[in-house]
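Chains as they are written, first to last, in the working numbering: chain F, 1 to 157; chain Z, 1001 to 1082.
Heads up, a few of these hints could be off.
As the list claims (entries may be wrong) - Derived BS3-like pairs (lysine-lysine); straight-line CA-CA distance at most 27 Å:
no., chain 1, residue 1, chain 2, residue 2
1, Z, LYS1051, F, LYS67
2, Z, LYS1051, Z, LYS1010
3, F, LYS146, Z, LYS1068
Just so you know, the hints here were simulated from the structure itself, not pulled from any lab data.
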Amino acid sequence: MSQTQVQVQTQVQVQTADFDMAAEYAALSESHQTGAVVTFVGKVREMNEGARVSGLTLEHYPGMTEKALQGIVEQAQARWPLLGCKVIHRVGALALGEQIVFVGVASQHRDAAFAACQFMMDYLKTQAPFWKKEQTTQGAVWVEAKDSDTQAAKIWD
Amino acid sequence: MSIQVLFFAKIREQLGQEQITVAEDFATVEALRLHLTAQGEPWTSALAVNKLLVGVNHTIVPLSSAIKAGDEVAFFPPVTGG
Chain F
1 MSQTQVQVQT QVQVQTADFD MAAEYAALSE SHQTGAVVTF VGKVREMNEG
51 ARVSGLTLEH YPGMTEKALQ GIVEQAQARW PLLGCKVIHR VGALALGEQI
101 VFVGVASQHR DAAFAACQFM MDYLKTQAPF WKKEQTTQGA VWVEAKDSDT
151 QAAKIWD
Chain Z
1001 MSIQVLFFAK IREQLGQEQI TVAEDFATVE ALRLHLTAQG EPWTSALAVN
1051 KLLVGVNHTI VPLSSAIKAG DEVAFFPPVT GG
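Work out the full structure, taking the sequences as your base and the hints as a guide.
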């Protein structure tokens, strides 16, 4: 393995501003050692639990959030040979259709990139201190954590 | 010598405050939680063990975790980001 020669670029960001998918992809795919880039974007969707959603507010725990995301990235790096890794999570008020979260992974091969991207989303869903409050036709409601998310994260234990 | 206690999301709203400072000593997070819930409502409901997560100094830990003066303890519901 030539892992030791590779400078792994990692970065986590928590921000109110939107992000540019094309720019994030370009940064992840810059190295010619990169053979695979997998990206995921989570968005504010219209329907949740049978209620029509007009937008949501994301609360977080400043300080712990960055630490949790960094921990998730470090665990992914320890499990797979990654060339680059980026996590962006937005906070504050977001309208219908807006981007919420970005996870991008670069690797030499697709297996590692796919697995690491899914791992990071599964862990983020259960370990990173973000909470969604949705504005719906039935008023503002806190989104309940899903058991399916907990189960999804457990497959990596 | 004190412990800073923070509340987030639904728990913060139920309690109507973001943080408190407690001056007493507690051996564990659970001892602190029991001290707070003993005040009655809304504490009893907000900090009920069911679906309660706790962070000590920015790391999620079990309720049985030891705490000491100067620690930052946060109570919050299961996370729903992403």
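Consistency of the hints with the structure:
Among the hinted pairs, Z/LYS1051 with F/LYS67 is consistent with the structure: their alpha-carbon atoms are about 22 Å apart, no more than 27 Å. Pair hint Z/LYS1051 plus Z/LYS1010 holds up; C-alpha atoms about 11 Å apart against a cutoff of 27 Å. At most 27 Å may separate the alpha-carbon atoms for a hinted pair to count; F/LYS146 and Z/LYS1068 exceed this at roughly 33 Å.
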